Amino acid sequence: MDQFLQLLIAGIATGAIYALAAIGFTLVWQTSQTINFAQGEFVMLPAILALAARDLLGLPFWAALILATAAFLLLFGLGFKRFLVDPMLKHGVLPLAIATMALSILMKEGAKDGYSAQAAQFPSLVPEGMVTILGATVSSRDIAVFVVAIAAIVALQFFVTRTRLGRTMQATAQNPTVARILGVRVERMILLTFLINAGLAALASYLISPIYLAKFSNGEFIGLAAFIAAIVGGFNQVRGALAGGFIVGLVDNLAAAYVSSAYRTAVPLALLVVFILFKPEGLLGRREERTV
Amino acid sequence: MTTRFDPNLAVILVAAPALWFIPAGFKPYGLYVVSLWLVMSIAAMGLNLTLGYAGLKSLAQGAFVGIGAYATAVLTKNHGVSWPIAFLSSGGLAFAVGVVLGFPALRVKFHYLAFVTLAFAMFVYLVAKNEEWLTGGVYGFSNIPRPVIFGVDLSRGLPFYRFVLVVTVVLTLAMWWLLRSPWGRAFLALRENWMRAASLGVDIRTYTLLAFAIGSAWGGFSGALYAPLVEFIDPAPFAISASFVLLLTVVVGGSGFFLGPFVGSFLSFVLPELLRVTGGWYLLVYASVVLVLLVICPTGILGLVERGRDHLSQRRAAAMRAAARPMLEGSEAR
Chain C
1 MDQFLQLLIA
11 GIATGAIYAL
21 AAIGFTLVWQ
31 TSQTINFAQG
41 EFVMLPAILA
51 LAARDLLGLP
61 FWAALILATA
71 AFLLLFGLGF
81 KRFLVDPMLK
91 HGVLPLAIAT
101 MALSILMKEG
111 AKDGYSAQAA
121 QFPSLVPEGM
131 VTILGATVSS
141 RDIAVFVVAI
151 AAIVALQFFV
161 TRTRLGRTMQ
171 ATAQNPTVAR
181 ILGVRVERMI
191 LLTFLINAGL
201 AALASYLISP
211 IYLAKFSNGE
221 FIGLAAFIAA
231 IVGGFNQVRG
241 ALAGGFIVGL
251 VDNLAAAYVS
261 SAYRTAVPLA
271 LLVVFILFKP
281 EGLLGRREER
291 TV
Chain U
1001 MTTRFDPNLA
1011 VILVAAPALW
1021 FIPAGFKPYG
1031 LYVVSLWLVM
1041 SIAAMGLNLT
1051 LGYAGLKSLA
1061 QGAFVGIGAY
1071 ATAVLTKNHG
1081 VSWPIAFLSS
1091 GGLAFAVGVV
1101 LGFPALRVKF
1111 HYLAFVTLAF
1121 AMFVYLVAKN
1131 EEWLTGGVYG
1141 FSNIPRPVIF
1151 GVDLSRGLPF
1161 YRFVLVVTVV
1171 LTLAMWWLLR
1181 SPWGRAFLAL
1191 RENWMRAASL
1201 GVDIRTYTLL
1211 AFAIGSAWGG
1221 FSGALYAPLV
1231 EFIDPAPFAI
1241 SASFVLLLTV
1251 VVGGSGFFLG
1261 PFVGSFLSFV
1271 LPELLRVTGG
1281 WYLLVYASVV
1291 LVLLVICPTG
1301 ILGLVERGRD
1311 HLSQRRAAAM
1321 RAAARPMLEG
1331 SEAR
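Protein chains in written order, with my numbering: chain C, 1 to 292; chain U, 1001 to 1334.
FYI, nobody ran anything at the bench for these hints, they're computed from the structure. As the structure is a prediction and not an experimental result, all values here were calculated from the model. Glycine included, every Cβ here is placed at the ideal spot set by N, Cα and C. Among the clues, some could well be false.
Said to hold, decoys possible - Below, a sample of chain C positions facing chain U; criterion: calculated Cβ distance under 8 Å:
1. ILE35
2. LEU84
3. MET88
4. HIS91
5. PRO95
6. ALA102
7. ILE105
8. PHE227
9. ALA266
10. VAL273
11. PRO280
Based on the sequences and whatever the hints tell you, model everything.
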């Protein structure tokens, strides 16, 4: 029972990180039909950038974090949209999706060649320690991860539903043509979603890297988890991505303990296939027109 | 159907003898690289059928190459089966698995299908990694024998390369024939407008499954050549990134163009080897080249060539119109 509770809490903590990645993924999909196959690498890179800034430029860690975040927002928020999505979107969804695959190779190899092929320690942003809750020993890091991720998601939800800017962004996501007619600066709103995506990815990166170490190949499983979370929860809903993130985190952790550690990755994948075949709109998503 | 001579066939018939003789003086490494180019072109050709002609987005071609490679390795090394039989079994196994994987394609389309096939590719990788009794786990298989065909020993680089070339030409001609047959027309109809195809009496169900299964079988054939070419296999080359790279290969070469896979495969598998002179950075350079190419020509290299040709013929037509104008205007004035 204690073990179950521990797994549950660890699952919720990793689930919260997956949710961050999945929310960015669905935001970008909604506003500009970009299936970002590099989403996992988006979560891998900021931590590597921060370590590189610390080791190669000799900055103190907090300054390295700020520099890395700024550089990442510029390159993979603004730059990603301006130089990859904008020129390619008019040719359809597939070429763009393929281009993000090439981008993922580029980011992975860049991190490997530019920084290190080895897994590197990433300093935890919260003190390490153990807390006892209901008889289960839980690492304070898991709790902090959960709290920070949830705070970010609540803030995002508040921004999207309660502020004028957020509501215009949502309008753009739902119907860009009508939004444009009503005077929304659609281009600017789309850019905003790309910046939010990059910001969420950076946050997820700083939260997950102390747990799994910072390594160039981290993006593979994070990206997969984000896709699964987005589809299971509902491709076109932020709420859905959140729910999906938690489900994948829980299933992943429980499967590793109770099914088989060798096939732990296969269990969320099986979940994905079941959802795609029987409930393709996801748990909370709207049904999309899928005839032609 | 038109009986017009297809320029693609001319290219195959000219290129095949040239490719037979050109690499004669290559060093073993060069021979390995050109052999790899052909082997991966076969896999890309299969994916080009599934994606480029039938329009089904599959992210599992790397897994089918893996299925073929492991099947061939297990059969020839552990059970002493001769290579031709292992080759046919590899293709057959990939075909059968392809039929099964094709069933989701009947229910879902677009990115959903891509994700289902991605899940399948991941599963194949996990099986290769974990089922040690069958696949040797992370250590894989080493010393996979190269075959002796009709008394010709293929263990050296050049004979094996020429053997790969013959198999490639046979599979290419088979694919060419398939695409010109009514089946090929049906695949195209599936891509362009499946509802209309259905209303014209094309059996959507059968052709979707066939497109998937035949494309997968080519992946299996490619794997059957890959195993004896490299003589060692482990799960790593068949991870999901392999399926990504094969998809990239087809799109960069020109999805839906018959010779696109050969162009794309050159870029994905030969260019990185040529770039090895740049040291550890070669994959980085390769990915950048692919990205820039995609931004410039999203329809692939052959798509760009076609666009250039259209552009030229339009210019020529415009020039002819311009030259003819005084005459025409003169006749009007009269």
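>> For each hint given before, does the structure comply? Return the numbers of the non-compliant ones in rising order.
In response: Structure breaks no hint.
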